[in-house]
Amino acid sequence: DAGITQSPRHKVTETGTPVTLRCHQTENHRYMYWYRQDPGHGLRLIHYSYGVKDTDKGEVSDGYSVSRSKTEDFLLTLESATSSQTSVYFCAISVGTSLNTGELFFGEGSRLTVL
Amino acid sequence: DAKTTQPPSMDCAEGRAANLPCNHSTISGNEYVYWYRQIHSQGPQYIIHGLKNNETNEMASLIITEDRKSSTLILPHATLRDTAVYYCIVRGGGGADGLTFGKGTHLIIQP
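Line by line, the protein sequences give chains A and B.
Heads up, the first sequence is in this note's numbering, so the first residue is 42 and it goes up one at a time.
Heads up, the second sequence is in this note's numbering, so the first residue is 181 and it goes up one at a time.
It is worth saying that the hints were derived from the structure and are not from the lab.
Only a predicted model underlies this, so the values are computations on that prediction, with no experimental measurement involved.
Careful: at least some of the hints might be erroneous.
Think about it this way: if two alpha-carbon atoms lie no more than 27 Å apart in a straight line, the pair counts; the simulated DSSO-like pairs of lysine-lysine are [stated by the list, open to error]: (1) B/K249 <-> B/K232; (2) B/K249 <-> B/K183; (3) B/K183 <-> A/K98; (4) B/K232 <-> B/K183; (5) A/K98 <-> B/K283; (6) A/K52 <-> A/K98.
Looking at chain A on its own, in the form it has when it is part of the complex (with noise of 0.2 Å):
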């Protein structure tokens, strides 16, 4: 267990309406990531973070926002959420060394409904 939670772990919202999804860890793993998972599309990363306030775009970074102002929390917003990111979120932090960061661990997931 490498302490990831995720909160909320269920949410529906409004069209329209912003919506922060938070994951944190215990252990101050350096690399954390947002992947959102779909029918037919698989996981697909959403933004990633190297370190506090370091932050980078991934596959499907449109339409949602980051931030990391500490090391253990690494918030996932939607600004104006839309029926398209209806979802299940899941949060990862990579427990590998620094020669391999590929080795990552999973939080529970978040799952979104927007109506």
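Knowing the structure of chain A, use the given hints to seat chain B on it.
Same frame as chain A, but now just chain B:
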């Protein structure tokens, strides 16, 4: 990162060894082979990774061919709880940009 090819689905009898193949013919010298699995509705779970030598841990064994163009994940004694989608991913070792997941192999363990 090199592309991988996996069969979309496989069956295996409970108690038998499950052998999951992966082709990665364009792999380069500094790229690792990673295996993950995802049990329905849960987050993906790391299984094992390797560079060129065979690897074994408490979950599985990873056999990489000498030319590194393919690999096999072996679950030695499959149980019903091993039913999942298994992902083979090839990626360079360091760097911050995460992993790219393909469609994987849906392994179904039959009782």
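Comparing the hints with the structure gives:
1. A C-alpha spacing of about 10 Å is found between B/K249 and B/K232, which places the hinted pair at or below 27 Å, so the restraint holds.
2. Straight-line distance between C-alpha atoms of B/K249 and B/K183 comes to about 11 Å, which keeps the hinted pair within the 27 Å bound.
3. Annotation: proposed proximity of B/K183 to A/K98 holds, straight-line Cα distance about 21 Å (limit 27 Å).
4. For the suggested pair B/K232 and B/K183, the alpha carbons sit about 17 Å apart, so the restraint of at most 27 Å is met.
5. Taken as a hint, the A/K98 and B/K283 pair is honoured in the structure, with Cα atoms around 22 Å apart against an allowance of 27 Å.
6. Proposed proximity of A/K52 and A/K98 is supported: the alpha carbons are some 24 Å apart, at most 27 Å.
Of the hints listed earlier, there is not a single one the structure fails to meet.
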